[in-house]
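Kindly generate the complete structure, drawing on both the sequences and the hints.
Chains A and B, in that order, are what the protein sequence lines are. Using our numbering, the first residue of the first sequence is number 1, and each one after it goes up by one. Using our numbering, the first residue of the second sequence is number 1, and each one after it goes up by one.
Quick caveat, the hints were computed from the structure, so don't treat them as lab data. Incorrect hints may appear among the rest.
Where chains are identical, the list cannot tell them apart; a pair therefore holds if satisfied intra-copy or between any two copies.
Below, in silico cross-link-like pairs of lysine to aspartate or glutamate (DMTMM-like), each with a Cα-Cα straight-line distance of 20 angstroms or less [as the list claims (entries may be wrong)]:
hint : residue 1 : residue 2
1    : LYS87     : GLU39
2    : LYS30     : ASP47
3    : LYS35     : GLU69
4    : LYS35     : GLU89
5    : LYS4      : ASP67
6    : LYS87     : GLU110
7    : LYS87     : ASP28
8    : LYS4      : ASP65
9    : LYS30     : GLU99
10   : LYS30     : ASP106
11   : LYS87     : GLU99
12   : LYS87     : ASP47
13   : LYS35     : GLU74
14   : LYS87     : GLU74
15   : LYS30     : ASP65
16   : LYS30     : ASP67
17   : LYS44     : GLU2
18   : LYS30     : GLU89
19   : LYS44     : GLU110
20   : LYS4      : GLU83
21   : LYS4      : GLU69
There are 2 protein chains.
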Amino acid sequence: MENKVNLAEKLALLGAPFRPGIVGSLNDYKLAVVKVHGEFVWHKHDDTDDFFLVLSGRLTIQLRDRDVELSAGELYVVPRGVEHCPKAEYAEVLLIEPEGTPNTGDAGGERTAPERRI
Amino acid sequence: MENKVNLAEKLALLGAPFRPGIVGSLNDYKLAVVKVHGEFVWHKHDDTDDFFLVLSGRLTIQLRDRDVELSAGELYVVPRGVEHCPKAEYAEVLLIEPEGTPNTGDAGGERTAPERRI
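Printed below as a string of structure tokens:
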């Protein structure tokens with residue numbers, strides 16, 4: 001990584017919600033920011049945990065048996081294999097996952113976003 | 001991870017600066033918070049990149065050829081093998097590294113802190 005990353009500046013470059021933008025790398029992990037507005041899709045990642053850190057707003061990570069409610073400065077790691085569905089009125093989130101991890105996990109579908117660097 | 005992590009609450013549990021507290025895991029990576037006050041030691045990690053996200057305050061990551069100045073909401077990943085020395089008047093930082101990575105890298109010495117979960 002050549003330069004530091006200002007997360008607010010990167011978030012301002014994003015367009016639609018649920019379209020992550022990769023802002024850096026940590027070994028073979030991608031660091032991405034995403035806007036959440038509305039409800040995503042239920043999915044899981046069988047091969048990796050899934051890191052969420054809320055930067056602004058409030059995020060609900062729905063699990064099958066409960067909801068995890070996150071405010072700014074709170075993080076949650078969804079264990080591998082656990083079904084989840086993020087939703088928010090509006091939230092800005094830092095995501096960390098291995099490179100190549102699809103945003104929709106095993107669900108696929110129209111909300112699958114290409115990996116793009118911003 | 002059973003529960004969400006409130007980073008400010010975890011930081012309040014820390015004692016002295018430069019003694020990271022592990023707050024969670026992402027696969028085989030540890031998520032840790034640390035207080036920085038003063039100057040750390042020059043070191044490098046030959047086998048891993050080193051993730052810093054400033055949560056509050058201002059952090060300077062000294063490199064041999066320049067300084068990287070980070071404010072809250074800014075992150076920097078020190079590439080593997082690159083010598084660095086963090087310093088701050090006061091900063092609170094989220095660190096992400098593979099489990100087992102010593103805080104002092106190749107330098108060792110009295111500031112090497114045990115891995116501890118808080």
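Right, here's what the structure says about each hint:
no. : hint           : verdict
1   : LYS87 - GLU39  : within (4 angstroms within a copy, 41 angstroms between copies)
2   : LYS30 - ASP47  : both (15 angstroms within a copy, 17 angstroms between copies)
3   : LYS35 - GLU69  : within (16 angstroms within a copy, 26 angstroms between copies)
4   : LYS35 - GLU89  : within (10 angstroms within a copy, 33 angstroms between copies)
5   : LYS4 - ASP67   : between (34 angstroms within a copy, 11 angstroms between copies)
6   : LYS87 - GLU110 : within (17 angstroms within a copy, 46 angstroms between copies)
7   : LYS87 - ASP28  : neither (27 angstroms within a copy, 27 angstroms between copies)
8   : LYS4 - ASP65   : between (39 angstroms within a copy, 15 angstroms between copies)
9   : LYS30 - GLU99  : both (5 angstroms within a copy, 18 angstroms between copies)
10  : LYS30 - ASP106 : within (18 angstroms within a copy, 25 angstroms between copies)
11  : LYS87 - GLU99  : neither (23 angstroms within a copy, 31 angstroms between copies)
12  : LYS87 - ASP47  : neither (23 angstroms within a copy, 37 angstroms between copies)
13  : LYS35 - GLU74  : both (16 angstroms within a copy, 17 angstroms between copies)
14  : LYS87 - GLU74  : within (15 angstroms within a copy, 25 angstroms between copies)
15  : LYS30 - ASP65  : neither (29 angstroms within a copy, 26 angstroms between copies)
16  : LYS30 - ASP67  : neither (26 angstroms within a copy, 24 angstroms between copies)
17  : LYS44 - GLU2   : between (33 angstroms within a copy, 17 angstroms between copies)
18  : LYS30 - GLU89  : neither (25 angstroms within a copy, 30 angstroms between copies)
19  : LYS44 - GLU110 : within (16 angstroms within a copy, 43 angstroms between copies)
20  : LYS4 - GLU83   : between (33 angstroms within a copy, 16 angstroms between copies)
21  : LYS4 - GLU69   : between (29 angstroms within a copy, 8 angstroms between copies)
The structure fails to meet hints 7, 11, 12, 15, 16 and 18 from the earlier list, while all remaining hints are met.
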